[in-house]
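Protein chains: 2
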Amino acid sequence: MTSPVASLADAASSGDRAALAKLLTVVETGGEPAREALAALAVRAGDHAAIVGVTGAPGAGKSTLTDRLVAQLRAGGERVAVLAVDPTSPFSGGAILGDRVRMQDHDTDEGVFVRSMASRGELGGLSRAAPHAVRVLDAAGFAWVIVETVGVGQVEVAIAGTADTTVVVVTPGWGDAIQASKAGLLEIGDVFVVNKADRGGVESTVRDLEGMLALGASSSADTGETPAWLPPIIPTVAVEGRGVEDLVDAVRAHRRHLEDTGGLAARREQRIRDELRGILLERCAKHVDAICSGIPFGTVVRRVADGELDPYNAAAELVGDQQ
Amino acid sequence: MTSPVASLADAASSGDRAALAKLLTVVETGGEPAREALAALAVRAGDHAAIVGVTGAPGAGKSTLTDRLVAQLRAGGERVAVLAVDPTSPFSGGAILGDRVRMQDHDTDEGVFVRSMASRGELGGLSRAAPHAVRVLDAAGFAWVIVETVGVGQVEVAIAGTADTTVVVVTPGWGDAIQASKAGLLEIGDVFVVNKADRGGVESTVRDLEGMLALGASSSADTGETPAWLPPIIPTVAVEGRGVEDLVDAVRAHRRHLEDTGGLAARREQRIRDELRGILLERCAKHVDAICSGIPFGTVVRRVADGELDPYNAAAELVGDQQ
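Residue numbers (the working numbering), protein chains in the order written: chain A, 2 to 324; chain B, 2 to 324.
Worth flagging that the hints you see were computed from the coordinates, not collected in a lab. From the three backbone atoms N, C-alpha and C, an ideal C-beta is built for every residue, glycine too. Keep in mind that the hints are not guaranteed to be accurate.
[Claimed, not checked] Derived list of chain A stretches under chain B, where covered just means 3 residues or more per stretch with a C-beta under 8 angstroms from a C-beta of chain B: (1) 59-72; (2) 277-283; (3) 302-315.
[Said to hold, decoys possible] Computed footprint of chain B on chain A, listed as stretches where at least three residues anywhere in the stretch have a Cβ under 8 angstroms from a Cβ of chain B: (4) 28-39; (5) 286-297.
Next comes chain A alone, as it looks inside the complex (with noise of 0.2 angstroms):
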């Protein structure tokens, strides 16, 4: 007797797309469905995609790219996913776009498999989800899973930045490499994109990213990493298809590069401590929201409000911590 969780595994995994959709359902729910689902994946899952994390500046073109992307290796009869987070801003309306009217080139391609994940909440959903969900595919059979971050946000960037190789996406008009550093996307790209490479600047924005990259290398170089990967710079203009041959050489590149020097691994190890992260905060989250729907915290509550009690003591009081 199998489960009927890991029948939809096996059906996942054998290349049935709608099995595969209510699977990725099942892993971002999460609770007990989502943990017999994974348990049936674990055995499954050879680790053999190729996880590339495409994130940047909003209005950088990410989507477009992303599309190319998927194109260009379809060319080669690769099979690919695509997995596109997005922060749902209470203001945007979030993911709901994403599945329908993305991708429509690839739409009768049974090669490609589109998928839009919303994040969900504050605790943890996010970076169990994500990772979850490119376990999923990863056991699906795709060569390549490309997780495009659609919004902004630490929590995207972080989960961009854990793929095997990290394509960052700016525009000439963006590229403040003062910027781009504070965000922390100098550090986490493998493979820089200057999109829009029709429009002025484009020279000047791959000058200042060579110099902060020489600088990024020369620190990395004292650290005893070696053999360094220095970030190549690839300019492109999505809309039209250019330079996209030149993205998927820099990222085959890339891909080669971490098989010789044994990064491959350390990658994959750091998804696996995200993901076990992310369930940690999970289970946290619920054990808080068991304790705030409990009867001692209204009284404790009201406590606070009459000034008898500091919140520090009262949330102290409430895990039964002496103070």
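The hints should help you fit chain B onto chain A, whose structure is shown.
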């Protein structure tokens, strides 16, 4: 003997602005000094400030409106504090602008105190820090504390929503009511502002909002919440100061309503609930971080990498669960 932090709390409560600024840093940073500071303040905090949240879509003119609101309240001689909460996107550079370039009209006015607060990471930090800061500003004797959420995000909206009076700012261009509903703004707004009312489309925005709010009012009448407050909709042109007096009148009217119906105590309790939850979440996050930096974590990560263990059972093992 009073501790240095308790002395700081004393000084801040007696109007020492430098001490107040330091104390805010202490409570935002958290840890033992924050604990001490809040314990020292617990006996002082009279809960006498009126807490006003200001939130809304990006570009709606919240900052300008807040500035005008401050000027209007100052005209009546009341002391006003502004807490500007910014989610600090890695791409925006965050709250750095805050204190320095804003509120220039008020910078020689001892009756106005402005503080920017960046959100820090994903875990409880912001939901803990904002109520702490409000608590400190309250204890410092301001008549009004305006909590303006500079950015967007569920956490920021939630913070603005637990004010005594929440002002939701929209613009004619923005205001499709379904979007407002989706964002949860209709639910949290006690007073609505249609800013930039010199643009076209004000009437239809007001009409849309009125329709949605009337629906909301009839559903809350069903739940027996009486007497219901029907949120007023105030057109403003903040850059010219137009409508700001009406806004202040509406905020004062809502406050009287809360006082008359006992709603004020409920709002305050909700803030304390949020604050305690934030403290508990942060404790949890620290616990998780400790697990993730322990020796067994590395071992478990490698077993997951080798496909011997799935992530959920790995997490269960790390916290010592029987599975």
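Status of the hints after comparison with the structure:
1. 59-72: violated (count 1)
2. 277-283: Three-residue rule met by the region 277-283 of chain A, so holds; n is 5.
3. 302-315: holds (count 12)
4. 28-39: As far as the region 28-39 of chain A goes, the hint holds, because 3 residues have Cβ atoms under 8 angstroms from chain B.
5. 286-297: n = 5 at 8 angstroms, threshold three: holds.
Comparing the model with each numbered hint stated earlier shows that hint 1 is the single one that does not hold.
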